[in-house]
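J.: Line by line, the protein sequences give chains A and B. Sequential numbering of the first sequence, starting at 40, is according to our numbering. Sequential numbering of the second sequence, starting at -14, is according to our numbering.
Because the hints were derived from the structure by calculation, they are not lab data. Be aware that a few hints might be false.
[As the list claims (entries may be wrong)] When the alpha-carbon atoms are kept at most 25 Å apart in a straight line, the in silico DSS-like pairs for lysine-lysine are as follows:
#	chain 1	residue 1	chain 2	residue 2
1	A	K717	B	K182
2	B	K246	A	K480
3	A	K619	A	K76
4	B	K351	A	K161
5	A	K828	A	K523
6	B	K41	A	K828
7	A	K514	B	K182
8	B	K351	B	K402
9	A	K619	B	K445
10	A	K161	A	K185
11	A	K646	A	K195
12	B	K182	A	K511
13	A	K482	A	K511
14	B	K89	B	K351
15	B	K239	B	K41
16	A	K480	B	K239
17	B	K239	A	K468
18	A	K828	B	K239
19	A	K646	A	K208
These figures come from a predicted structure and were not determined experimentally.
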Amino acid sequence: MSRFPHRFPIVITQARSWVVCLAFFGVYAALLAEEEKVSFNHDIRPIMSDTCFQCHGPDPNTREGDLRLDTYEGATEDRGGYAALIPGDTDESELIWRIFTDDEADIMPPVEHFRRLTEEEKDLFRRWVEQGGEYEDHWAFIAPAKNAAPESAESKWGRNEIDTFVLEKLEDAGLSPAPEASQETLIRRLSLDLTGLPPTLDEVDAFVSDGSDAAYEDLVDRLLASPRYGERMVWEWLDAARYSDSNGYQNDDERGMWPWRDWAVDALNANMPYDQFSIEQIAGDLLPNATQDQVLATAFLRNHMINGEGGRLPEENRIDYLVDQVDTVSTIWMGLTFGCARCHDHKYDPITQREYFQLMAFFDKTEVTGSGRNPHTPPVLDLSTEEHARGVEEREQLKIAAAEELDRVERILFPRPEGELTIESERAKSITNGAVQGLFKQKVIDRRPEPLVAIIAEYGDSEPEYVEATRKYIKAYQNLDIYKNERPIVMVMADTVERDTFILNNGLYDQPTEKVVTGFPAALNGGDSNIGDWNRLDLARWLMSDAHPLAARVAVNRYWQQFFGRGLLEQVENFGVQSKPPVYESLLDWLAVEFRESGWDVKALHKRIVMSATYRQSSRISEAMRERDPANELLARGPRFRMQSWMLRDQALALGGLLNETIGGPPVKPYQPEGIWKEASFGFITYEQDKGEDLYRRSLYTFWRRIVGPPVFFDSTARQVCEVKALRTNTPLHALTTLNDVTFTEAARGFAQRVLSGDETSDGRRLQMAFREATARLPNRTERRTLEKALTKYRSHFRSDRAAAEKLVSVGESRRDTSLDVSEHAAWSTVCLMLLNLDETLTKE
Amino acid sequence: MDPIVDAKRQFTRREFFGKTAQGIGAVALASLLDGKSFAQNVANPSVLPHFAPKAKRVIYLLQNGAPSHVDLFDYKPMLAKLRGEPVPDSVLGGKRFSSMTNTKDKLLLPNITEFAQYGANGMWLGSFLPHTQGIVDELCFVRSMHTTSVNHAPGINYFLSGAEIPGRPSMGAWLSYGLGSEAEDLPAFVAMTSRDKEASCGQIFYDFYWGSGFLPTKYQGVKFRGSGDPVLYLSNPDGVSRELRRSMLDDLAKLNEEKLKDYGDPEIATRISQYEMAYKMQVSVPELTDFSNESEETLAMYGPDVHREGSYGYNCLMARRLVERGTRFVQLMHAGWDQHNNLNRQLEIQCLDTDQPSAALITDLKQRGLLDETLVIWGGEFGRTPFLQGEFDNYARWGRDHHPYGFTVWMAGGGVKPGYVHGATDDFGFNAVEKPVHVHDFQATILHLLGIDHERFTYKFQGRNYRLTDVHGHVVDDILA
């Protein structure tokens, strides 16, 4: 039986609610006159969404008591002499009684619901009803308006519109902005934010000595124009686009999607307008006279995992891939959790299951069937060159040679007549190992390398020559495979198939129900139902159109997160009703409209952010603010947070004088602890570390194996599904990485070598230089003393243990300046490793 | 004189653990850093556990690849009687299988091992498990497990995270998030993997099996490796002694404290303890993996593989040593159970690798008084078909396909009934017909044993309150001791 219509005699109800109200009346009567207006969007809906909508929300299938509270009409509907909400009347509004009652049979949310309302929340409801019980449309579903930036009394502080929004809020809260950060802090902050690399000492000196406002803007312009800018900005995009150099899942075949990564870097560097950037990636292939680059852009949609597990049903895969595309596009451009509507109508947001599959229909027109594990599953764009083709041919020959050798050795062990398979030999008859039997039924050259592991296991102890030949064959086969797969044959989009798309019952691939056509979600389309015979280009254009309220907001918010560590809307992945609206809603909207009106000019947006006084604040935290606003929601100070692990690696390479600035190209394989791929792949895939300069490329070029990502990039997304939220935790494992990994140790000795080979000759000056390299600022007296004492200690230690010194300065493959004294170099390397691990060095301040 | 060796004299290990550098005080590594974890995002009431737990920790012996229940645990004489006959339609009921047998004949294959009864309650067990036979009175069998997935990775993920597709937190991550660690200097959640000696197949171990999904990454399982440093980057660089490291960390802490004074960012304080913890781990992990203080008797009990790093036997002993030191959740995965076409030989090999260490772990925990509060789980991601994959006349190539509709797992210790069998499959070992237990029920029960109400243990992500059990699951009261 549904709860709601079941109602006790009205007299009792009123009596109870009267008692409740009396209790509150005493407390609030005095305040009533000046009581703040309760906002439905900010105060009421988040609570309702959390506690009511599961049973009284948009999904009719799980609606209880035929009551919906997510709409005003539903809440005020006459239910036979009473209603859940009677605006202005707390006594007669059933919902007020229901939330204040102690009666376990009637209380809402019901006793079995995991959530209880707090007294404050109940009181919000009471005041809201009292004040008229108005509903507002969900802020994020209404087109953003560019309300005039507020005028501020104290206009001296602000530098641009961002600041007037912030200052207004701070003044309301009785706060003032933090002072501007030091010049040293600012240049380091800017350099890391815009290029992902620390400033050089020369750059710091020039900037600090100038000190003018113009110098700041010049610096910003210079950094925005640097090719390092695109390399830095692309990282979050690669995370969102689940970019990887392998398929994922079993076998985890390598793929050659890297030209798309380079496309994205180039687009960011060229400041391609965000609408074009978006449209080309969703539907570049459908643009009139599409260029090769525009087709390449659509590899974005094909970056999903491919599941080649034996026995996997193709249709199940196919649906998985489509689901991934829907989730990725809806997260990045709509900031909504569309995935919730795969199995049923969304519980909180006005998205129906039908709309989910209408969206899926846009992607459902390619020839992809879900079968197999080919990392070049068509449609593809073949960008491989003749050189690649020659490389394949060479490796093909090597494989044939290895197979012939293996065949020769096998014949000695398993003699049989020419032309017969190994299984026919007398000795093979006694074999019980099924895997080995299976292999012996194939010619050597036809054998796949994976099952050959069984031969190694079976004959590892007894037949070394045979095992060796097998290993060589496996190696040759893999070399061929990897090379072939890594060729830039890029999976892209092409609509070549007429296919009907169906609503899937419970989202299950094998339970199609009703056929659907393409369509946009009505709630984001001004409430209009909008279906038609469209394609991805229509979708892309609609997403970027004025009609769609979210694309600009979501993008601006993600970028804000990059600079400030958290979005203006903290839940960067969810603009739906379950997320509490941002404190700076109007700022977000203003920036969103401005972004769109600027022609989606990304660099202009970034410039606006970093030019603001808000961004330039010091990130020092006072005791009071630490308690008042630990997360810095109000923006009364500058951002301060640990840099991403990839940026830490790049910084170390730069400080160590090792960084190789080559842009683009196939992924590289820098240092990685031994055995990681091997262990993850059952010994099948070995990490072949690169040599020389390739060890020092920027982190974004590191080969990303999806089943086990590069371990040095702790706190990274898994690149398995679309992820947009910044990850930031602290564990001892992170400290072990930056203390012990070869990358950091080698960088430390390179750093030390730079210090020792520089112009400075005294310990004091050298320490000062090293400290400045790491932090951009001068050490204070205590820090200087600590460093000096440390150096003296380390020096003395390594003088008495030259053998240890020799080892430390030999870590990594880069060449050492042998004219440096070993003990001295080791002592300085220790200082530099410490500096690389300094909190301030690890932090963007 | 070497000042660093000199300083060492003032810093014995014991002293260090009593007094960490620079007055930070002893901080537990609990849940890697934050002390006893407090599930801040858990909806109110947020205090865990919700009620008195029976089990404090879990060892999950996950048999990756899906062991054949009809050959090991679920004795069905009917299979021998109807050998070679097709599975009756009434049983089959249009169910789907993997693409390997989906469209083929489904002919019944009898159990390939000899079954007999063991223990006080006459428990049926196959002959490949001689050591399990010896501890059968400690075990609680669930013979009516069923699941939704017919493929390995999704199936394993379903058991571990409640969803087939990666992206949700693994059970161990949920628990380290909700309950934290009792370990002073070891992670709350540890994963270890091993594989069959014959390397017959390759269901690889994806890192999302111990991933934290949408929970903060510090809750993800720490993967202990089978070779080299058990924990990545544990060893100092060449040429850096422990004393030098100590000395450098002291200097580093001084510099960081100076910054903390100036900037007031609590993150700096966290950083200081983070580095101290890293230093502690560099001692505690090698100590953990040093078996030299284990008795000959104990080592012998785990079998000959116990000395081989990365073997199932080695990992089982590691599991005991971990829970002994307070690790909350040990996830031990062993691959090689996927017998599509080499059932006779491979199943036996798998059992040889795992039977003795699994039994030894139970016995060892019991002897040390740890079994009462440690829940041990043994099971795969599904079972194997009671029908043959392959041809009857090719004995060496017999196999069984994936089978999600009924299979067996066992549990021991931590509040489950010992010597008990729950539920049953039909006469063919095909469908779970008596008291079926779904994966979400299984998860709800595990959480219950740990004092957690699975419906109230949630984490808000993308605006939704997620649970390990999704929106399903009922505690299986029958198996509670």
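J.: Would you mind marking each hint as holding or not holding in the structure?
T.: Results for each hint:
no.: 1; hint: A:K717 to B:K182; verdict: 15 Å, holds
no.: 2; hint: B:K246 to A:K480; verdict: 73 Å, violated
no.: 3; hint: A:K619 to A:K76; verdict: 17 Å, holds
no.: 4; hint: B:K351 to A:K161; verdict: 51 Å, violated
no.: 5; hint: A:K828 to A:K523; verdict: 56 Å, violated
no.: 6; hint: B:K41 to A:K828; verdict: 47 Å, violated
no.: 7; hint: A:K514 to B:K182; verdict: 21 Å, holds
no.: 8; hint: B:K351 to B:K402; verdict: 15 Å, holds
no.: 9; hint: A:K619 to B:K445; verdict: 12 Å, holds
no.: 10; hint: A:K161 to A:K185; verdict: 34 Å, violated
no.: 11; hint: A:K646 to A:K195; verdict: 20 Å, holds
no.: 12; hint: B:K182 to A:K511; verdict: 21 Å, holds
no.: 13; hint: A:K482 to A:K511; verdict: 16 Å, holds
no.: 14; hint: B:K89 to B:K351; verdict: 47 Å, violated
no.: 15; hint: B:K239 to B:K41; verdict: 38 Å, violated
no.: 16; hint: A:K480 to B:K239; verdict: 68 Å, violated
no.: 17; hint: B:K239 to A:K468; verdict: 72 Å, violated
no.: 18; hint: A:K828 to B:K239; verdict: 12 Å, holds
no.: 19; hint: A:K646 to A:K208; verdict: 22 Å, holds
Hint violations for this structure: numbers 2, 4, 5, 6, 10, 14, 15, 16, 17, all remaining hints satisfied.
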